[in-house]
Amino acid sequence: MSVSDTTSVSLDTILDFISSFCIEHCQKTGRRTDGAGLADAIRLRFPGFKFSDIGLEKLSGAVRIAEQRGLVVRHRDVKHLELSPGPQSTSPPGTEIKASVVNSAPRLRPDIWRAFVFVDTGMASFFNRSRGEVRSTSRRSPERYEELKSDPEFVLIDPIQAGVQQEWMREYLKKHAQLNKADAPIEQGQWWVDFPLWLRETDPTLEREWNQFRSGKIYSHITAWANQNNVDVTMVRTQQKPAPAHCRSPRVGGKFTGPTEDAELIKKAIIAALAEMPLEQLENLSIPIRFVIRHFQPR
Numbered sequence: 001m002s003v004s005d006t007t008s009v010s011l012d013t014i015l016d017f018i019s020s021f022c023i024e025h026c027q028k029t030g031r032r033t034d035g036a037g038l039a040d041a042i043r044l045r046f047p048g049f050k051f052s053d054i055g056l057e058k059l060s061g062a063v064r065i066a067e068q069r070g071l072v073v074r075h076r077d078v079k080h081l082e083l084s085p086g087p088q089s090t091s092p093p094g095t096e097i098k099a100s101v102v103n104s105a106p107r108l109r110p111d112i113w114r115a116f117v118f119v120d121t122g123m124a125s126f127f128n129r130s131r132g133e134v135r136s137t138s139r140r141s142p143e144r145y146e147e148l149k150s151d152p153e154f155v156l157i158d159p160i161q162a163g164v165q166q167e168w169m170r171e172y173l174k175k176h177a178q179l180n181k182a183d184a185p186i187e188q189g190q191w192w193v194d195f196p197l198w199l200r201e202t203d204p205t206l207e208r209e210w211n212q213f214r215s216g217k218i219y220s221h222i223t224a225w226a227n228q229n230n231v232d233v234t235m236v237r238t239q240q241k242p243a244p245a246h247c248r249s250p251r252v253g254g255k256f257t258g259p260t261e262d263a264e265l266i267k268k269a270i271i272a273a274l275a276e277m278p279l280e281q282l283e284n285l286s287i288p289i290r291f292v293i294r295h296f297q298p299r
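Residues in the sequence shown are numbered consecutively from 1, following the numbering used here.
Worth flagging that the hints you see were computed from the coordinates, not collected in a lab.
Since this is a predicted model, take the numbers as computed values, not measurements.
For every residue, glycine included, the Cβ atom is placed at its ideal position computed from N, Cα and C.
Be a bit skeptical, because a hint or two may be false.
[Claimed, not checked] Lysine-lysine pairs mimicking PhoX-like chemistry, simulated, CA-CA at most 20 Å apart:
id, residue 1, residue 2
1, 79, 58
2, 175, 28
3, 174, 217
4, 28, 174
5, 175, 217
[Unchecked claim] Quick list of simulated restraints, FRET-style, between CB atoms:
id, residue 1, residue 2, range
6, 229, 28, 19 to 29 Å
7, 146, 44, 44 to 54 Å
8, 216, 39, 23 to 33 Å
Please model the entire structure based on the sequences and the hints provided.
This is the structure:
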């Protein structure tokens, strides 16, 4: 049932939805429901709905009432909002809830992630086996490229090509027979942004599950690359100790002053990240107004 008339949405309707969503999420994933996913689900299920329509300020008010009625349990062992089905819900007895923070793949360093995932045919990235740093250079600069390639301390990074990442999407879809594979935006437009957005619009839990699936694939690719090239795989994880001062990109007055190639990669990574963010998160970004106005000037 699609609800488009917000006047028909009552407090009980929202509470029932919260309870049902937590149960369904638990049955599908075995994990708790996080607040961001629940908020997305409510927006998709009840377009145009505002919590002020039922006399509340925000989602936390509805969660508090649902908790009082025993429909959900709020886990306060984490700072953000996490819920699981309550004693008065219809959750199957003995259902095991896992913490949503669990992820099968260790977290990777941002520079490692960029070098492997953001494919730029005009750039090449190398990894220093001893220092753990990433160096990028333009393929239009053959002297620098050959210098790094011939240095035994450096190993060429093998980026994950678009075709491989798209094949992961098809593999993921095989796990969900309810999804119409013909509608999946895998080979059109900005597929790396459009595919998770398509999943989110269907069910926010699918997007988060895809992100974990993809992270596991990326980590497996990097692990295989490390084993083949005598690289200590622990050096690509975020848990490693900070690099020595002489390995860090120089900064002056808090501004990045590293090589132009690195700056261009960072800009591309930022643009890609912005494309993935929903509008409500973009509204909280601070961007100098002169850059925004420039794109609205008449031509």
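A quick look at each hint next to the structure:
The hinted pair formed by residue 79 and residue 58 meets the criterion: a straight-line CA distance of about 17 Å does not exceed 20 Å. The straight-line distance between the Cα atoms of residue 175 and residue 28 is roughly 12 Å, inside the 20 Å bound, and the hint therefore holds. About 15 Å separates the Cα atoms of residue 174 and residue 217, which keeps this hinted pair within 20 Å; it holds. The straight-line distance between the Cα atoms of residue 28 and residue 174 is roughly 16 Å, inside the 20 Å bound, and the hint therefore holds.
Restraint check: the Cα-Cα separation between residue 175 and residue 217 comes to about 15 Å, which is no more than 20 Å; the hinted pair holds. Our hint of 19 to 29 Å for residue 229 and residue 28 is violated, since their Cβ atoms are close to 38 Å apart. With their beta carbons about 52 Å apart, residue 146 and residue 44 fall inside the hinted range of 44 to 54 Å. In this structure the supplied range 23 to 33 Å holds for residue 216 paired with residue 39, their Cβ-Cβ distance being about 26 Å.
Comparing the model with each numbered hint stated earlier shows that hint 6 is the single one that does not hold.
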